[in-house]
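Participant: Required output: the full structure, derived from the provided sequences and hints.
From first to last, the protein sequence lines are chains G and B.
The opening position of the first sequence corresponds to residue 1 in this note's numbering, with each subsequent residue numbered one higher.
The opening position of the second sequence corresponds to residue 1 in this note's numbering, with each subsequent residue numbered one higher.
No lab work stands behind these hints, which were simulated from the structure alone.
Each residue gets a CB set at the ideal place from its N, CA and C atoms; glycine is no exception.
You may find that some hints are simply not true.
[Claimed, not checked] Within a straight-line C-alpha distance of at most 25 Å, the following computed DSS-like cross-link-like pairs (lysine-lysine) qualify:
#	chain 1	residue 1	chain 2	residue 2
1	B	Lys97	B	Lys70
2	B	Lys70	B	Lys38
3	B	Lys3	G	Lys57
4	B	Lys97	B	Lys38
5	B	Lys70	G	Lys57
6	B	Lys97	B	Lys3
[To be verified] Below, a sample of chain G positions facing chain B; criterion: calculated Cβ distance under 8 Å:
#	residue
7	His29
8	Thr38
9	Pro39
10	Gly42
11	Asn59
12	Phe60
13	Gly62
14	Ser99
[Claimed, not checked] So the derived list for chain B, only partly shown, Cβ under 8 Å to chain G, looks like this:
#	residue
15	Tyr33
16	Pro41
17	Gly43
18	Ile60
19	Tyr64
20	Ser95
21	Lys101
22	Phe104
23	Thr106
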Amino acid sequence: KAGVTQTPRYLIKTRGQQVTLSCSPISGHRSVSWYQQTPGQGLQFLFEYFSETQRNKGNFPGRFSGRQFSNSRSEMNVSTLELGDSALYLCASSLAGGSYGYTFGSGTRLTVV
Amino acid sequence: AQKVTQAQTEISVVEKEDVTLDCVYETRDTTYYLFWYKQPPSGELVFLIRRNSFDEQNEISGRYSWNFQKSTSSFNFTITASQVVDSAVYFCALSEKNTDKLIFGTGTRLQVFP
Numbered sequence: 001k002a003g004v005t006q007t008p009r010y011l012i013k014t015r016g017q018q019v020t021l022s023c024s025p026i027s028g029h030r031s032v033s034w035y036q037q038t039p040g041q042g043l044q045f046l047f048e049y050f051s052e053t054q055r056n057k058g059n060f061p062g063r064f065s066g067r068q069f070s071n072s073r074s075e076m077n078v079s080t081l082e083l084g085d086s087a088l089y090l091c092a093s094s095l096a097g098g099s100y101g102y103t104f105g106s107g108t109r110l111t112v113v
Numbered sequence: 001a002q003k004v005t006q007a008q009t010e011i012s013v014v015e016k017e018d019v020t021l022d023c024v025y026e027t028r029d030t031t032y033y034l035f036w037y038k039q040p041p042s043g044e045l046v047f048l049i050r051r052n053s054f055d056e057q058n059e060i061s062g063r064y065s066w067n068f069q070k071s072t073s074s075f076n077f078t079i080t081a082s083q084v085v086d087s088a089v090y091f092c093a094l095s096e097k098n099t100d101k102l103i104f105g106t107g108t109r110l111q112v113f114p
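Facilitator: Given below as structure tokens:
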């Protein structure tokens, strides 16, 4: 079966712009989580959605937001981009959350210039 | 507070050597889940194993084995007869029962030389 699909794979944006990243989970998975990976901070949890509701949120500013659609696809948005937002953004899908394990996508590498 | 520590930043071995990656975790919860993921240069996190806190049985999968010891809060990963294709960054992660998020360690970069 198809894995977790993230688009686009690479993105270059300018400071101050906004960006939207997309994630299509594995068919049947209802939980989608987002993580940010940087060399300095490592892998950090952004937020998790289950059945269109945000269940958990990490310690990120309000510029980072997300949503989940009825088909479980998810988008995350970053507004007013800063240089420090340059990172690999990884999406993970799960049947219903932590106890079921997570499957990750290949990520979107965002570069802010 | 939840925390995962991977003290080994980088390990280099020659092919066919055995190598153990250490993982120590902290949690106050009695129900939790531990994971190992592999991240090759392509960036995707590849799931290797999931273990719940009530299952302390060690597990072996081919050349991979895992040693879970609640007494020392450790969940170590051993690769037997390493191969060049094992070169990657390996992450240990913890998820508590009602949080639905993964807390990752800082990762261990494994380089296997021919």
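Participant: Confirm or reject each hint.
Facilitator: Each hint tested on the structure:
no., hint, in the structure
1, Lys97(B) x Lys70(B), "holds, 16 Å"
2, Lys70(B) x Lys38(B), "holds, 23 Å"
3, Lys3(B) x Lys57(G), "holds, 17 Å"
4, Lys97(B) x Lys38(B), "holds, 23 Å"
5, Lys70(B) x Lys57(G), "violated, 28 Å"
6, Lys97(B) x Lys3(B), "holds, 15 Å"
7, His29, "violated, 13 Å"
8, Thr38, "violated, 12 Å"
9, Pro39, "violated, 10 Å"
10, Gly42, "holds, 5 Å"
11, Asn59, "violated, 11 Å"
12, Phe60, "violated, 12 Å"
13, Gly62, "violated, 18 Å"
14, Ser99, "holds, 6 Å"
15, Tyr33, "holds, 6 Å"
16, Pro41, "violated, 11 Å"
17, Gly43, "holds, 5 Å"
18, Ile60, "violated, 19 Å"
19, Tyr64, "violated, 16 Å"
20, Ser95, "holds, 4 Å"
21, Lys101, "holds, 4 Å"
22, Phe104, "holds, 4 Å"
23, Thr106, "holds, 5 Å"
Checked against the numbered hints listed earlier, the structure breaks hints 5, 7, 8, 9, 11, 12, 13, 16, 18, 19; every other hint is satisfied.
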